[in-house]
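Asks: Read top to bottom, the protein sequences are chains A and B.
Residues in the first sequence are numbered consecutively from 165, following this note's numbering.
Residues in the second sequence are numbered consecutively from 363, following this note's numbering.
Calculated from the structure, these hints are not laboratory results.
There may be inaccurate statements among the hints.
[Said to hold, decoys possible] List of simulated lysine to any residue pairs, SDA-like, C-alpha gap at most 20 Å:
{"no.": "1", "chain 1": "B", "residue 1": "K447", "chain 2": "A", "residue 2": "E630"}
{"no.": "2", "chain 1": "B", "residue 1": "K428", "chain 2": "A", "residue 2": "R691"}
{"no.": "3", "chain 1": "B", "residue 1": "K428", "chain 2": "A", "residue 2": "G696"}
{"no.": "4", "chain 1": "B", "residue 1": "K428", "chain 2": "A", "residue 2": "D695"}
{"no.": "5", "chain 1": "B", "residue 1": "K428", "chain 2": "A", "residue 2": "T686"}
{"no.": "6", "chain 1": "B", "residue 1": "K428", "chain 2": "A", "residue 2": "E630"}
{"no.": "7", "chain 1": "B", "residue 1": "K428", "chain 2": "A", "residue 2": "P327"}
So the chains spell out like this:
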Amino acid sequence: MKKPPDIVHGLEEAPPPVVTILSGVQHVGLIAINLVYPLLVFRIAETPTQTVVNLVGAAMLVLAAATLLQALRFGPVGSGFMCPAVFTATYLGPSLIAAKLGGLPLVFGMTVFAGFLEAALAPLLNRLRPIFPPEISGVVIFMIGVSASIAGLRLMLGGEGAPVSSAEWSVATITLATMIILSVWARGMARMLCALVGLAIGYMAAAIAGIFDVAQSDAIDGAAWVDVPQLGQVSWSFDLGLAVPFAIAALAAAMKALGVITICQRTNDAEWVRPDMSSIKRGVLADGAATALSGLAGAVGTSTSASNAGLAAMTGVTSRRIAFAIATILVLLAFVPKLAAVLASMPRAIMMAALLFSMTSVIIQGIQIMSSRLLDARRSLTIAFAIVAGIAVDIFPAIAQATPLAGPLVGSSLVLATVTALGLNLLFRLGVKQKVRLTLAGEATDLETIEGFFAGHGRAWGARPEVIGRAIFGVQQLADVIFENCAPQGPIAIEASFDEFNLDVRVHYQGELLELPDSRPTDQDIRESADGVRRLAGFLVRRNADRARASSLRGRVTIHFHFDH
Amino acid sequence: MELDIRASDGVAVVEPKGRIDSVAAQAFGDRVCALVRAGENRVVIDLANVAYMSSAGFRSLLIVGKTVEQTAGQLALCGVSGEVKRLFDIGGFNELFVICPTRAESVAKVGPAGP
């Protein structure tokens with residue numbers, strides 16, 4: 165893992181204490197935005213205010229434990245990244261239904277079920293890898309960013325709450341502009357704490373503009389300064405009819421965790437090539453365990469936070485120590501209900517600004533992952549239809565009412581995009597050959613033929629462009645020198661086989677063995693002898709591949725190139 | 363492969379386009395060497411539009427370099443990027459040639475007013 169130049173304090177590094185504490189506060193500010201999800205569920209379940217205060221305290225402790233579970237590696241649990249947990253919109257739809265049908269016990273019981281299900285999916289992820297190629301991770305990450313951005317915009321533009329005042333627009337603009345200006349033009353501490361400064365200035369602007377409503381002010385005034393959160397007043401129930409929507413949400417949560425941990429991997433590693441499934445499996449297990457714990461403690465489903473992962477990337481502070489600071493602050497907040505109430509009362513203008521800001525890097529990471537592979541028509545269609553399906557749900561929420569049977573699928577843009585991408589990927593895998601052959605007869609168009617062969621199959625395989633480029637050069641150089649210098653009798657046969665980790669190319673011909681020397685011939689050898697050019701070709705193709713071997717049996721030569729993928 | 367040759371500030375700027383494979387390399391080398399022997403021995407070779415270069419292509423470049431040296435001329439390369447740059451790197455050819463980032467810098471380097 166190589167630290168990228170944009171990262172100021174990397175995963176294993178220890179930032180100065182001030183940076184650690186303030187970064188922790190900044191992340192908690194972002195985490196607080198998603199407190200809106202349990203609060204919404206509690207409101208639908210008509211929960212008394214005192215119970216809500218207790219449950220919010222318990223929720224803070226759950227998030228602290230979940231953040232630690234993810235950062236520390238307990239046995240097989242935990243990705244090891246600073247990847248805070250938040251309450252997630254993924255479970256919101258099913259949780260609201262459960263709240264209406266069976267009150268909070270059903271919400272908590274189904275949340276425990278979903279958490280265990282997600283945890284059970286974790287060990288299977290490696291085997292399921294062919295159906296989760298990187299471009300689908302890219303789609304999931306992109307849709308996480310888009311759906312959260314739209315959720316942020318909907319707070320202001322959705323038309324469900326009170327009309328948006330010009331004061332609110334001003335507060336949103338001031339908050340977002342502060343974050344952007346500090347992120348783009350500031351250096352050092354100001355850049356690292358851009359979101360926290362933006363939130364603080366947003367709160368000040370909101371206070372000056374008087375956009376806190378009476379209920380929010382009362383909630384803050386009524387909260388105690390210090391109190392011990394009451395646990396153990398929770399009960400659970402289960403409804404088989406809700407198993408499907410919660411199971412789909414659990415799958416989407418696993419995909420989201422996969423995507424967010426991939427963001428963490430990319431953010432922390434300048435040489436990132438593909439998702440590391442080992443840390444993803446551990447992370448998804450921690451994610452599922454956190455949701456089960458949340459249900460047991462009396463809260464809704466949690467998930468690794470894309471916006472916090474995005475914030476870490478934007479500020480360049482990804483140190484694991486920040487996770488410890490976040491957990492500590494969350495625990496303190498659980499004992500200081502007044503501060504928790506301030507965060508839980510965040511005005512929608514500030515919420516929108518914070519969500520839009522933190523999601524920018526998530527959207528870009530999704531696009532970068534999608535475009536990191538060669539894409540043929542099948543893969544392009546998979547990506548495009550998945551995105552269109554997901555965005556359609558956000559633009560036309562009435563789809564869910566129009567198709568009640570598919571309700572659990574079309575109720576969330578992230579779920580529908582994920583399921584569409586997985587389904588089309590499985591369908592389009594039909595007919596894609598992993599082992600392909602080509603024969604060259606020594607014609608003038610051979611080099612174009614080789615390029616077209618590898619480029620076409622590379623797109624069908626979803627291979628990395630750089631690896632396919634190296635394979636093209638290796639085989640072109642080989643064909644060139646064989647026909648010119650190795651006296652071939654008959655055609656050259658090429659076999660290529662691909663899986664996600666390997667590209668192996670075998671070239672067979674009848675003729676003189678091409679030597680693959682370890683060192684380059686001298687300049688004089690290259691200029692003055694045909695053998696010098698031949699050995700230079702052998703040297704180039706050896707250096708071009710990760711491994712190369714040439715052998716000959718009764719005049720039948722086989723040259724094997726291996727490329728790590 | 364196409365070969366475009368033009369004069370610029372007393373320098374012959376040679377721009378091959380396409381693939382320099384074993385067949386094209388011979389023609390490329392012969393043509394540039396003939397130019398050098400005819401007195402145009404301040405040469406810039408712009409490889410920006412070369413998609414593929416074989417070992418025979420590198421041989422031609424080395425022969426051109428030697429011919430320029432024998433006539434007390436100057437040779438610089440430019441447009442060495444992407445796949446061709448990778449081949450220069452893996453073949454260890456970067457030290458054997460003067461390589462400039464742009465054509466203008468190459469012309470300035472080998473031109474009559476150059477260093």
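Asks: Please list, smallest to largest, the hint numbers that this structure does not respect.
Replies: Numbers 6, 7, in rising order.
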